[in-house]
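Chains as they are written, first to last, in the numbering used here: chain A, 3 to 261; chain B, 3 to 261.
If you're looking for bench data, these hints aren't it; they were derived computationally from the structure.
Ideal Cβ placement from N, Cα and C applies to all residues, glycine included.
What the simulated footprint calls covered on chain A by chain B, stretch by stretch (three residues with Cβ under 8 Å from a Cβ of chain B suffice, anywhere in the stretch; the number is not a length):
hint	region
1	84-94
2	234-240
Here are a few chain B residues that face chain A, going by a calculated C-beta distance under 8 Å:
hint	residue
3	Val127
4	Pro166
5	Ile185
6	Val242
7	Trp258
Number of protein chains: 2
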Amino acid sequence: MAINSSRPTILVTNDDGIEAHGLHALATAMLELGDVVVVAPREGHSGMSQALTVRVPVRYREEKGDTPYRQYSVSGTPTDCVKLALHTIVPCRPALVVAGINHGSNASINVLYSGTMGATLEGCVAGLPSIGFSLVNREPGADLTPYLPYCVDIARAVLERGLPDGVALNVNLPRRAVQGVKICRQAPARWHSEYDARQDPWGGDYYWLTGIFESLDGEAEDTDDWALRHSYISIVPTRVDMTDYPMMKAMEDWKWRKH
Amino acid sequence: MAINSSRPTILVTNDDGIEAHGLHALATAMLELGDVVVVAPREGHSGMSQALTVRVPVRYREEKGDTPYRQYSVSGTPTDCVKLALHTIVPCRPALVVAGINHGSNASINVLYSGTMGATLEGCVAGLPSIGFSLVNREPGADLTPYLPYCVDIARAVLERGLPDGVALNVNLPRRAVQGVKICRQAPARWHSEYDARQDPWGGDYYWLTGIFESLDGEAEDTDDWALRHSYISIVPTRVDMTDYPMMKAMEDWKWRKH
Numbered sequence: 003m004a005i006n007s008s009r010p011t012i013l014v015t016n017d018d019g020i021e022a023h024g025l026h027a028l029a030t031a032m033l034e035l036g037d038v039v040v041v042a043p044r045e046g047h048s049g050m051s052q053a054l055t056v057r058v059p060v061r062y063r064e065e066k067g068d069t070p071y072r073q074y075s076v077s078g079t080p081t082d083c084v085k086l087a088l089h090t091i092v093p094c095r096p097a098l099v100v101a102g103i104n105h106g107s108n109a110s111i112n113v114l115y116s117g118t119m120g121a122t123l124e125g126c127v128a129g130l131p132s133i134g135f136s137l138v139n140r141e142p143g144a145d146l147t148p149y150l151p152y153c154v155d156i157a158r159a160v161l162e163r164g165l166p167d168g169v170a171l172n173v174n175l176p177r178r179a180v181q182g183v184k185i186c187r188q189a190p191a192r193w194h195s196e197y198d199a200r201q202d203p204w205g206g207d208y209y210w211l212t213g214i215f216e217s218l219d220g221e222a223e224d225t226d227d228w229a230l231r232h233s234y235i236s237i238v239p240t241r242v243d244m245t246d247y248p249m250m251k252a253m254e255d256w257k258w259r260k261h
Numbered sequence: 003m004a005i006n007s008s009r010p011t012i013l014v015t016n017d018d019g020i021e022a023h024g025l026h027a028l029a030t031a032m033l034e035l036g037d038v039v040v041v042a043p044r045e046g047h048s049g050m051s052q053a054l055t056v057r058v059p060v061r062y063r064e065e066k067g068d069t070p071y072r073q074y075s076v077s078g079t080p081t082d083c084v085k086l087a088l089h090t091i092v093p094c095r096p097a098l099v100v101a102g103i104n105h106g107s108n109a110s111i112n113v114l115y116s117g118t119m120g121a122t123l124e125g126c127v128a129g130l131p132s133i134g135f136s137l138v139n140r141e142p143g144a145d146l147t148p149y150l151p152y153c154v155d156i157a158r159a160v161l162e163r164g165l166p167d168g169v170a171l172n173v174n175l176p177r178r179a180v181q182g183v184k185i186c187r188q189a190p191a192r193w194h195s196e197y198d199a200r201q202d203p204w205g206g207d208y209y210w211l212t213g214i215f216e217s218l219d220g221e222a223e224d225t226d227d228w229a230l231r232h233s234y235i236s237i238v239p240t241r242v243d244m245t246d247y248p249m250m251k252a253m254e255d256w257k258w259r260k261h
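When you get a sec, could you build the whole thing from the sequences and use the hints?
Here it is, written out as structure tokens:
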């Protein structure tokens, strides 16, 4: 697979799967900045977090399509896609990893469950500038056109400036017309009433994951949740180091048994 | 299901599945501190991160066993177990969530992929003090006896002192005799050479996830990786807010298009 080396290579992936509209909208937009390779899950993997395929091997194949970039599908998770792309599929080291555009919000605590952000954080762990893009709208056919210039601007800025080691960007796009871009923190929140309990025809109980999102800091204007509710694009710089440093210090005086 | 209300209720889960030795060793040890309810995946779910079951419903059933606590298996991920336990299975709000003892390290960047820590962070998101325990030894029959007094001490300290909102503990147990307990930061690291490529009998390529762990800060004595290599138990206070605050500030001068 030959890639024109005068342009940066951009790896594009997602969690909604190789056929998703958002994936190809993003891949096509990225052609403005570089050569694009798409490596995405064969099937949708929403809510997959940074899960790995451990107990079975993974496979990939090139998909034929009338696209101005090559595309490969992987029989695994979004994180598997990034790992296998970097190990085997993409012949050079990409300059940028982008994931999305996800059909649904990955703002606030949803970052923890997001396959889109799983893939993004995987690019970050591999030492590559990485950005996840998600739209606060689950409709698979939502019009993405108005958002694409912003996605290109954000990706261009990251290509030009880089990102610190261990930091990726979680970008969420508001449902309504964009009022601007805001750098935000991850809103503290909780889901409640999380299951819809039903009975099968034989009287067995089963439970569908659902739930109501509740922001725990709804008035603060520096959160991604606030920005999106006010029609801003939210960008949260998101770190792979999950250490709570203040608590490390606070725990110094906890006493432990001697060995 | 009646629970003696004079003792705290402790929810015990894992990612290795309801039959794992480490799960029942931890559950039995926790009886010293409170009433125990086990809610664990029906099957093993290593590397599941904080993944959710979204596209199919989940079910649970009580498992019969000669144990001094009730145990339930769930047809989903470790995170599903915590969600369904809190929503439906456990009749009161637990005082503590513990996950493990995982058979394998969840130190350093492995926290990102860990189903054990996915369940732990889920307890934390739900506002409960939560601790994940993992042993740097993948042998399913490893002798856990020497570690259990430490697990009880750590759980007791958390029951007594609580944890700040949004902070859980990632506890890893060293392979050799314990020299003590250290409060640590998550070691920066990378996996490389991550796939073992093979061919099936029909000439098709497939890829097993494997890899070599490389610490990126091997000499620093404040990381979990260092502590474990020197036979200390590592405790990393781990936060669900993944925002990189310094980068938020640094991005203030990035310029964006006006709407």
